[in-house]
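Given the coordinates of chain A, work out where chain B should sit on it, guided by the hints.
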Amino acid sequence: MALARAQALAAGRAQPITTVRHLHIHDRPLVLIPLAMAGEATAPLAALLGDDVARPRLLVVSQPRNRDERFAFFAGLADAVVPYLDSFAGATEAVPVDRGRDVRHRFVDAPQVWVPNPGGADFLRLLGRSTRFRRTDGDHPVPASVPRLGQWLTFLASSAEVPGSSLLVNAVQALGLHWATGQSAAEDAHFGSLFAWITDGARAAREAENGPVAGPATDPAFDNEILAPLIAESSPALPGVLRELLMPTWERMWKSIALLRELPEGARVGSRWDSDRDAYSAFVEHLIEEGTPQPRRDGAVAAAARLQRLENAAARYAVQRAFDDPLVMAEHRLSGAAFGGVVTLAKADRIDDSGKRPVLRPRIMVATTETVRVEPGAALTSPARPSQKAKVISVTPGPTGTDVVLELSGGMGRKLVAEPGSVPEVGEPILLTTLSEAYRPGAAFPDPAETPWTHGGPPAHHEDVPIA
Amino acid sequence: MNQVDRLRGSAPVKRHNARTVAALTGNPGCTRRAVLDAAGVDKVRLAERIGFPGAFGQSRFALARGNAFEAMLKADDCALLRSTLGAYVGGYEDLGADEDDTLSARHSRTRALLASSTEGLLDHPLLTLDVAGQTVFLEPDLIAYQNGSQLQVVEIKSFAIIDGQADGTAVSAAAVQAAVYVLALRRLLGDDKVSHEVVLVCPENFSMQPVAVVLDVRKQLSTLRRQLSRLASVSALISSLPESLSFDLAQPVPALVSSLDALTARYAPECLSTCEMSVFCRDESGGRTEVLGRPVREALGGIETVDEVLALASGAREPEPAQVEAAALLRAAQRLRDEAL
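Note that the protein sequences, when read in sequence, are chains A and B. According to numbering that gives the first Met the number 0, the residues represented by the first sequence are 0 to 467, in order. According to numbering that gives the first Met the number 0, the residues represented by the second sequence are 0 to 340, in order.
For reference, chain B alone in the conformation it holds in the complex:
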């Protein structure tokens, strides 16, 4: 049993997907998330077990609509998808879902099919990506579309594009996810074989009629590359952890919490929408300026705790040399507030 399996305990591995890779690179300094993800710990259940559940469910109405939209596109040998993509697009092969123990077989099939560069659509390919010194399998719900010499990623999303505009958050999330796939495909086939333009297929206006738009993900790609390179090698990190450390959910809660304490987190309010552990981390960070958000923390001169901020602002505490400027600003702010109120 290696260290990674010991960390996870008896539970089955939680696999990475584009969303988790995107979230990981969104906060590359967070050791806690990097280690838990690397060990494949089920963070939803872990957070529930220690009494800090988050709300990460998906509405079945949204799922149903998403599935209906995708099924409609893929019906009759992808007739509608083909007409939306607007070109003759060869064959369609669905690599389908399968069990964990046949992952590598499916990955080899994916590689063989992609390398043959026959024109056509390839559904559910299995890709790999090196994240923090570990090879993770990505099981994208995507279609790779071989057209001439370049492969293009096709993402089907069920949010609507109305009068040429869509919800900004949804589009940027889709772009980052697509960039993860582009990166994985490029690592497999070479940079020039995969286009940096991805096709987003969404319902148009208030109907179920699909519309295809092209997104340039070069910016997301370079961010992703930079963040992935910044992720400290998690393997080295894991081997430096004490052997007794474990996130086996069968353990009592205090043991789980003390294991979590051994991993430093870097909480920011943005975590609340992306990380399952965020409610726990927020509670743990109570009284620290980071819970107020990055802009506020910066406006407070980067000072760590709220008590320290207030003591500096009232003059009750002498600033350290590095804090002199921040303290002067805080005292001025305090004086102006006192004057006005």
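Chain A with its partners taken away, still in its complex shape:
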């Protein structure tokens, strides 16, 4: 990865750091480019959005300090976004659960929203926070679509925190996952510059740095010289100026999606999209059944459970990417968490009969010239046979490399004779790693009503009163 950056700098062009694509690309994504008003937490200025590159829709707040206009903007955004998000809650498929004793249903597709950068995703989270508690009655009533939009944005923003989720994608992260540029990570955060490194090279990237920003923050010089006079005069030219500002980013977003779509999809991307569809289905169900807005802060139990889900997702994502992609695995080989070698000895019919029942425990010896940082007793996996475990029996360094003896279990059928091909043969190149796809059971968390006093005790139930 670091070497790829050096190569990119020398070549003046971004270099690939993966051999496959590691995220799901939707057939009909929704691109959303939000712009914020400087100085305020969540005053939207404009948004350019749509699911068709030829038909971008522009929403503008021409007087950002005007509260009514702001909520008209939210209503417009809801009209444009919520029908798209709802449109996948149609056909369902049955998924077996509980070892096939039961089935549950999930939607066969889910939405995918693209924003330019992590700041865009954060801004959606804040917009969600500022709209989901709005009331449709009382002093400042809003259309019912506004709090609904808030709930959706909150759902999308929190799903974006799950490593490997593709419901809300930011283009900077998606591109940075697949290409290394010849500049620093801080400079990569500029979407236009990162995009230019990939498509046109270093010189274009430097020029793009001074080009229009991808939001949500605007350029101070733009604010002072162009935006301020237009707002002061309530100029009818404002929407046109903003459209012109946002159009280059709009084009680049769609080109980025097309660029990523060309890459072959990783083998495990589909299973992560399945999880995304599960999350979408569960949220749609929640909206239909209870429809309560997400709390401002998670309670202690919910927060602990969420943290664990995120940790598991992060671990799973890291392992899956390495298993799907030899170039990602290369990073682990350099750090000593994996090594490649050749099988030099194999005893496929070895039986261990020291226990109550004899079991099939073939042993193989692997010769490698790579750094081996594993100890006897460690359990390794080979991406070629993910269901098979290889226990390290001995590690013997020699003058030209290292010999590692491994004992295999699992993935060889149920008999005392291994299924053909299930035990690596002499001469076969093999990769072994400490990374494992094994299922991690979730920890048991108490019911929220049983929250221990160390964590604040059971949460007090109170009505969530909207705050201006």
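You can trust all of the hints, since none of them are fake.
Per the computed footprint, the stretches of chain B lying under chain A, defined by three or more beta-carbons under 8 Å from a beta-carbon of chain A, are:
1) 60-73
2) 304-316
3) 330-337
No more than 25 Å apart at the CA atoms, straight line, and that leaves these computed lysine to aspartate or glutamate pairs for DMTMM-like:
4) A:390 with A:348
5) A:414 with A:424
6) A:346 with A:374
7) A:388 with A:369
8) B:156 with A:121
9) B:156 with A:39
10) A:390 with A:330
11) B:192 with B:215
12) B:73 with A:39
13) B:156 with A:218
FYI, nobody ran anything at the bench for these hints, they're computed from the structure. Ideal Cβ positions, reconstructed from N, Cα and C, are used throughout, including at glycine.
For chain B alone, kept in the frame of chain A given last:
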């Protein structure tokens, strides 16, 4: 005319503030910045003059909101600020802004008022701090709040705190700036007279309602002390520079650039968000691994140039004894990349 004035030339002095001190201590190894700051050179104009302007403006919308928030807090003898701080807080004295030639007078007034330790709020005090062997004036936009025996720094910021959380970058920048003031006040009054807890006053959620939160800046203080002590004595450095060296903006561009060349910079991508000279330094560092960022440079074994990295990775170049380990890793990385692609 002393050496410092000669370096700056005819332009007026650019004064230090908490932000520049923080940026300086963020990259203590950079001689270029230390000297330019010590000489009070206007770096924004210098960078523009040599054709490497940076984007360091502030949106007038953000400024307007910041000013409105501060004015609201300070209106009616600081009524809202007092209720936000939540205690009876004595009088309010604004030392105001003034001209350069009355700085020391204002500093003495600040000292006298602070030393009297009367309870109350003190706005726009003028502080001094020794930075790299030079005394710099700090003109904080802050309020010192005398409460009992300890002085507390109050910082008013206009970024929002939403559900108890705020933007991490904004908070840490505010904490470092507040720490600069705490340090300056402590040097003036003694460590035990100034609290290491500063009060941050920000708008809450999506309203203009202020909320006060307490930040512990002990960590920032110790970093700051360490970095300040590491800053080589700039006075000695300046006197070792050739007399002809000058950053007078009236000079032609090549002369300015060759003056800059005489000062070694230590560029890192972080400079781009803190230093006005960064675009020039980045250009100057082209082809060096430091432009890729510190983590990448370290992953490349600390090797200086990209050409050297690639030559070691391909085996075209024999590593020096200190590079053997890094070179082996680079060759392995190259082999794995070639295999996979």
